[in-house]
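**Q** Here is what each chain is made of, one letter per residue.
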Amino acid sequence: MLSRDTRDPAALPRLLLTVLAIALLWPGIQLAELNPGVLIAGDSQSEMGHFVSAFWPPAHSPDFLQLLLDATLQTLAIATAGMAIALLLAVPAALAASRALSLSAASRGGRPGALGQALRWPVRGLLIFLRSVPEIVWALLFVRAVGLGPTAGVLAIAITYAGMLGKVYAEIFESVDQRPMHVLLQAGSGRLAAFAYGSLPNAAAELTSYTVYRWECAIRASVVMGFVGAGGLGQQIDLSLRMFAGSEVASMLLTFLLLVLLADTLSRVLRGRLA
Amino acid sequence: MSLRLTGASLQHGNGVQALCDVDLSITTGERVAIIGPSGAGKSSLLSLLASALPPSSGSVELLGENPWQLSARARQRLRTRISLIHQAPPLPPRQRVVTAVLAGKLGQWGLGKSLLNLLHPVDIPGARAVLARLDLTDKLFAQCQQLSGGQLQRVGIARALYQSPELLLADEPVSAMDPVLAGHTLNVLCRHAETQGVTLIASLHAVELALAHFPRIIGVRAGRIAFDCPAAEVTPQLLDALYANEQLVSPPAPAATLSLQLPRC
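Read top to bottom, the protein sequences are chains A and B.
According to this note's numbering, the residues represented by the first sequence are 1 to 275, in order.
According to this note's numbering, the residues represented by the second sequence are 1001 to 1265, in order.
Be a bit skeptical, because a hint or two may be false.
Said to hold, decoys possible - Stretch-level coverage of chain B by chain A, calculated; a stretch enters the list once three of its residues show a Cβ under 8 angstroms from a Cβ in chain A:
no. : segment
1   : 1042 to 1055
2   : 1074 to 1082
3   : 1103 to 1111
4   : 1119 to 1132
As the list claims (entries may be wrong) - Short, incomplete list of chain B residues facing chain A, as computed with Cβ under 8 angstroms:
no. : residue
5   : G1015
6   : V1016
7   : Q1017
8   : S1038
9   : Q1163
Claimed, not checked - Restraint-style ranges between C-beta atoms, simulated for each label pair:
no. : chain 1 : residue 1 : chain 2 : residue 2 : range
10  : A       : G113      : B       : H1120     : 33 to 41 angstroms
11  : A       : G125      : B       : P1215     : 52 to 60 angstroms
12  : A       : S175      : B       : Q1196     : 48 to 56 angstroms
13  : A       : G113      : B       : S1059     : 15 to 23 angstroms
14  : A       : D264      : B       : G1197     : 56 to 64 angstroms
15  : A       : G116      : B       : V1016     : 23 to 31 angstroms
FYI, nobody ran anything at the bench for these hints, they're computed from the structure.
Since the model is a prediction, treat every value here as computed from it, not as a measurement.
For every residue, glycine included, the Cβ atom is placed at its ideal position computed from N, Cα and C.
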């Protein structure tokens, strides 16, 4: 069937990669104990059916809406404050972890000097440490340390997101065209000024879009952390779930939807402005 | 003495020997054109003279100092007195022309002023004046991505003029312009060099432009200086020898059988 003319030398490697991917995935499914059959078993079906049928109509009594508004504002505040602290840490760390500010790279064809490269590793290690522990674990720790409430959520988001933002910022800094910055360095400019004039304009759109996306993730994370007592919408959902108040859960899920929609629109507007 | 190269060689990171044992000295206020075939090492020579790249061997002396024996800070200070105009100036596409031009003085400004200038241009009249000399005032607030190749080259020149260096280097500064504009732009550069006492060194593809605007001509071929003489002494024989290209006269017959090892992807 495969004559010499139509043979693609890449076909065999692709086939082998596919087989390998399936071979690796299968034990993963086994280990995760995924069994879709559970969903259609009789008991859980009626259990879930009762709960979901209580979703409509969503709760909308004035008292509950006031509560929902407070919880939403608290969630937004946790996410925003956490992101702000994370940015304070992430921006300097990203500049230190990447060759964005490397003066030696400008006169070495883009390759930074060995000493500078060695000094970048500790910063990278710090970023890896910050993001390797999930925010929910940090939240549990901080709830023990500073007590129940939003402070634990803010600190947990700040630490984990500093690690994530720092890593991705560093990669964005390195992926943009370095020549505009090198030309400025070769004309005697300082490092930070050369970065601000040469690299930042090219990186701005991507940085903004990633930052707004992370803010959206921070909103979701703050909700999850609410379950362990870090305040906000999550804590309310936890309470409503325990009381099987489906209509309240439905209202809160709709609020999530609105928040994510808001973040998405914001990201699009900002990107359009910078593109 | 504005600059001096002594036995300078330059080998690029990929192993290409760009310059071999070049000796050159140029006095303050001279105007010199570098000509030569493509790949002869004109851009590499200008990179050495701009202290953008260190020589692999030999020494470079610019404005009385050896940039590669200075500390990084002192070298940056020296570099503020030197400017290299690039053939295709690397400018961020979304940067405005006014910002790109004012960036010429980043080395002389502090960080605070530099960042303030990003928020609001601190010297719009200065940028407008230097663009006016190049007939580009109408593009003052345009983004760089809206400009043509020739207009971008003039933005690069405007930035260098705004920097007002003591040593002005230009790598094919007019290659994307029409003949009239190219002549005008070279006139602007030469006039600036004359009135300010600036040393001007430009590499050019167009030999007639080089001969018309520059008193001293340096011919570069295969990483070496082929000739270095006043413009009046450049003869057709010298130019023929400089641009002679055996490869073009008789292109080598392609090899009969190519056995390529296909990379797996």
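**Q** When I compare C-beta atoms, does the segment 1119 to 1132 of chain B have three or more residues closer than 8 angstroms to chain A?
**A** Coverage by chain A is violated for the segment 1119 to 1132 of chain B (0 residues, Cβ < 8 angstroms).
**Q** Falls inside 56 to 64 angstroms, the C-beta gap from A/D264 to B/G1197?
**A** 59 angstroms, holds
**Q** Taking 8 angstroms as the Cβ threshold, is the statement that the segment 1042 to 1055 of chain B is covered by chain A upheld or broken by the three-residue rule?
**A** Answer holds; 5 residues pass the 8 angstroms Cβ test.
**Q** Against chain A, with CB atoms and a cut of 8 angstroms, does the hint on B/Q1017 hold up?
**A** Status violated, d = 15 angstroms.
**Q** Cβ-Cβ distance between A/G116 and B/V1016: within 23 to 31 angstroms?
**A** 25 angstroms, holds
**Q** Three residues or more, CB to CB closer than 8 angstroms: is that satisfied between the segment 1074 to 1082 of chain B and chain A?
**A** holds (count 7)
**Q** Looking only at beta-carbon atoms, does the pair A/G113, B/H1120 fall within the given range of 33 to 41 angstroms?
**A** 36 angstroms, holds
**Q** Honestly, do A/G125 and B/P1215 meet the 52 to 60 angstroms range at C-beta?
**A** Because 59 angstroms falls inside the window, the suggested range holds.
**Q** Using the nearest Cβ pair, does B/G1015 come within less than 8 angstroms of chain A?
**A** Since the shortest Cβ distance to chain A is 12 angstroms, the answer is violated.
**Q** May I ask you to test the interface hint for B/Q1163 with respect to chain A, counting a Cβ-Cβ separation under 8 angstroms as satisfied?
**A** 6 angstroms, holds
**Q** Kindly confirm whether 15 to 23 angstroms is satisfied by the beta carbon distance between A/G113 and B/S1059.
**A** 21 angstroms, holds
**Q** Quick check: does the Cβ-Cβ distance between A/S175 and B/Q1196 fall within 48 to 56 angstroms?
**A** With Cβ atoms ~40 angstroms apart, the hint is violated.
Hint check: violations occur at hints 4, 5, 6, 7, 8 and 12; the rest are consistent with the structure.
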